[in-house]
Structures are given as C-alpha cells and as structure tokens.
Amino acid sequence: MAVPGGITPTKDWQNALKFDDLARSAVFGYNIEQNTQLEFKKVTDVKEQLVSGIIYYITLEVADGGQKKTYVAKVFVKPGEVEEFKLVNDA
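Be aware that the sequence shown starts at 1173, since it is given in our numbering, and climbs by one per residue.
Derived from the structure by calculation, the hints contain no laboratory data. Each hint should be verified, as a subset may be incorrect.
Simulated pairs of lysine-lysine, PhoX-like, Cα-Cα distance not exceeding 20 Å [to be verified]: (1) Lys1183 with Lys1246; (2) Lys1213 with Lys1190; (3) Lys1241 with Lys1213.
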C-alpha cells in the first residue's frame, strides 16, 4: 500500500493486468498526441504515490521503429473511477 505523499514500490504488480491496461492506454494517448507509432511491449516496474487518489509511475518498454525504448507513464487513478464494468448474468 502507498505511503501518503511518498513514492513506494507497488507490491505484486506483475500479477495485476490493470498495469498493462494503464500502460497500453498511456501509449495509445501518447501516439495520438505526438503523432507517433510506439508499440507497447511490456511493463517492467510500477511505483505508486498516495495523494487524493493514487499516482502510478509505470515503467514500460515500447518498440519505436523496431528499436526498444523505455518510457515512464505517470497515471493518476481517482477515487470513484470505474475500473471495470461487466455483465455478470442476464437476470
């Protein structure tokens, strides 16, 4: 769990697919804003900071024209933000 204000390593990030999703979304947004074609490869590290939500610092690998590069995405997750919405059954 994050320490208020401090940046700490995120426990068990390797087992949480949400970080891949957040990283892919960050790369997608960056590609649109910068008119690039970076290709997400993998998340290599995650740190977090507790504020009025959680800021994740996601270190990730991308391919840029066949060349491997490392980026960090700073992603703010706000309280009350919906992470998942799915049908359980047709009741």
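Exercise. For the pair we were handed, Lys1213 and Lys1190, check the Cα-Cα distance against 20 Å.
Key: Between Lys1213 and Lys1190 the Cα gap is close to 15 Å, so the pair holds against 20 Å.
(request) Could you grab the alpha-carbon distance between Lys1183 and Lys1246 and see if it respects the 20 Å cut-off? (result) holds (17 Å)
Pair hint outcome, Lys1241 versus Lys1213 [Cα-Cα no greater than 20 Å]:
Holds - the C-alpha atoms of Lys1213 and Lys1241 are around 10 Å apart, at most 20 Å.
Of the numbered hints stated above, none is contradicted by the structure.
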